[in-house]
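Visitor: Single-letter residue listing:
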Amino acid sequence: DQQVKQNSPSLSVQEGRISILNCDYTNSMFDYFLWYKKYPAEGPTFLISISSIKDKNEDGRFTVFLNKSAKHLSLHIVPSQPGDSAVYFCAAPGSSNTGKLIFGQGTTLQVKP
Amino acid sequence: ETGVTQSPTHLIKTRGQQVTLRCSSQSGHNTVSWYQQALGQGPQFIFQYYREEENGRGNFPPRFSGLQFPNYSSELNVNALELDDSALYLCASSRDRGLRNEQFFGPGTRLTVL
Numbered sequence: 001d002q003q004v005k006q007n008s009p010s011l012s013v014q015e016g017r018i019s020i021l022n023c024d025y026t027n028s029m030f031d032y033f034l035w036y037k038k039y040p041a042e043g044p045t046f047l048i049s050i051s052s053i054k055d056k057n058e059d060g061r062f063t064v065f066l067n068k069s070a071k072h073l074s075l076h077i078v079p080s081q082p083g084d085s086a087v088y089f090c091a092a093p094g095s096s097n098t099g100k101l102i103f104g105q106g107t108t109l110q111v112k113p
Numbered sequence: 114e115t116g117v118t119q120s121p122t123h124l125i126k127t128r129g130q131q132v133t134l135r136c137s138s139q140s141g142h143n144t145v146s147w148y149q150q151a152l153g154q155g156p157q158f159i160f161q162y163y164r165e166e167e168n169g170r171g172n173f174p175p176r177f178s179g180l181q182f183p184n185y186s187s188e189l190n191v192n193a194l195e196l197d198d199s200a201l202y203l204c205a206s207s208r209d210r211g212l213r214n215e216q217f218f219g220p221g222t223r224l225t226v227l
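These protein sequences, in sequence, are chains A and B. Note that my numbering gives residue 57 to position 57 of the first sequence, counting from 1, and the numbers run on in steps of one. Note that my numbering gives residue 197 to position 84 of the second sequence, counting from 1, and the numbers run on in steps of one.
Certain hints may be false.
To be verified - Quick look at which bits of chain A chain B covers, simulated, 3 or more residues with Cβ under 8 Å: (1) 21 to 32; (2) 44 to 53.
Unchecked claim - In silico contact screen, one side only, chain A against chain B (beta carbon under 8 Å); selected entries: (3) A41; (4) N57; (5) G99; (6) K100; (7) L101; (8) F103; (9) G104; (10) Q105; (11) Q110; (12) P113.
Said to hold, decoys possible - A short list of chain B residues far from chain A (calculated; beta carbon distances all over 10 Å): (13) L124; (14) R135; (15) G153; (16) F182; (17) G219.
What the hints contain is simulated information worked out from the structure, not anything from laboratory work. Ideal Cβ placement from N, Cα and C applies to all residues, glycine included.
Bound conformation, chain B alone (with noise of 0.2 Å):
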């Protein structure tokens, strides 16, 4: 059974570009969470994805937003680049939403602007 994959692994960007960061799910999960790790804090919920519809959205702007496609992988696009941006990104995937479906997180994908 293969876990949660991210890609790319590192990446760098610069103010005001545009970014697209990919997460397959775990085999048989339909749901995906997004996460943002600044340097020295725990993660920070972005949204989460369920049978491709967002199920639900933390304290972030508009111009992150996500994807998610018919075989539950999913992507985040984070537009207008902001130093502050500069993070490590998580996906985690469950097997339904809710919150006593354990959460598989993939490596993250380190994300630097500058």
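This is chain A alone, in the form it adopts within the complex (with noise of 0.2 Å):
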């Protein structure tokens, strides 16, 4: 059952054009969801999130989109750097009150100067 999923395992793009990494969701009662970037031998570590109120979150270059109705939600990183190369986990709340996270499969992107 997975509830939270990123259908693409990679993606590569070049220096300073847009990063696009994609997240769909089957459980319409995620009120919040957040993305996480990991680089080897780190733990993620937060990168942004977005309430369900909202449809767009920006922070620097980084900007959530979330689209209730597909129940779709994506991180726009622009311009994309060598440095955020990693793999980027979107998870929503699997329980407000244990502070549990449902992460998806994750997606590796690839910078290439």
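Put the two chains together into one complex; each comes in its own frame, and the hints tell you how they fit.
Guide: Have a look at this one:
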């Protein structure tokens, strides 16, 4: 039962271009979504979040878009930099009391110089 | 401020053995969550400890157990190891329980079961 899905295992973009990472979910009760970034040999680090009452949240080069009717969210990185090369996970809350997060499978982004 | 640390970094065990993984939470944090990340998958929630009590559990069998100590560090114990237990085990600490408290992850322990 994969409630959060990232169907693209990998993405390669040129430095300076836009990176778009996609995520789909099945549970319409999710009211909050998060994106994490993970470098090799490090733990995931929080990147950006969005509440279901919004359809967009922007933080510098990173913007997350939420389409509730399609149960779809996307992370846009503009402009992409080589240091953005990492695995990106989207996540949703499994329980507000426990802080349990349900993660997607992850998308490996490679930004080429 | 020291971040979340985990030990050991890597571990190799054989089927049927038992393993203990350790996590030191970030200063000021009273909540620790444990996740299992299999190869090519996202992290899966095992359980969370809040002030030394289990506060929620994922879909893992009872042979996965944990502890949290008065200093809020935590252990994950896995008994009767199976090949499928091979994974990266991540712990995350947060200032309090509940989703709105950001979770800070450690680098993980890579467990290989042969």
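Visitor: Confirm or reject each hint.
Guide: A quick look at each hint next to the structure:
| no. | hint | in the structure |
| --- | --- | --- |
| 1 | 21 to 32 | violated (count 1) |
| 2 | 44 to 53 | holds (count 3) |
| 3 | A41 | 6 Å, holds |
| 4 | N57 | 15 Å, violated |
| 5 | G99 | 5 Å, holds |
| 6 | K100 | 5 Å, holds |
| 7 | L101 | 6 Å, holds |
| 8 | F103 | 3 Å, holds |
| 9 | G104 | 5 Å, holds |
| 10 | Q105 | 5 Å, holds |
| 11 | Q110 | 16 Å, violated |
| 12 | P113 | 26 Å, violated |
| 13 | L124 | 15 Å, holds |
| 14 | R135 | 15 Å, holds |
| 15 | G153 | 7 Å, violated |
| 16 | F182 | 19 Å, holds |
| 17 | G219 | 5 Å, violated |
Checked against the numbered hints listed earlier, the structure breaks hints 1, 4, 11, 12, 15 and 17; every other hint is satisfied.
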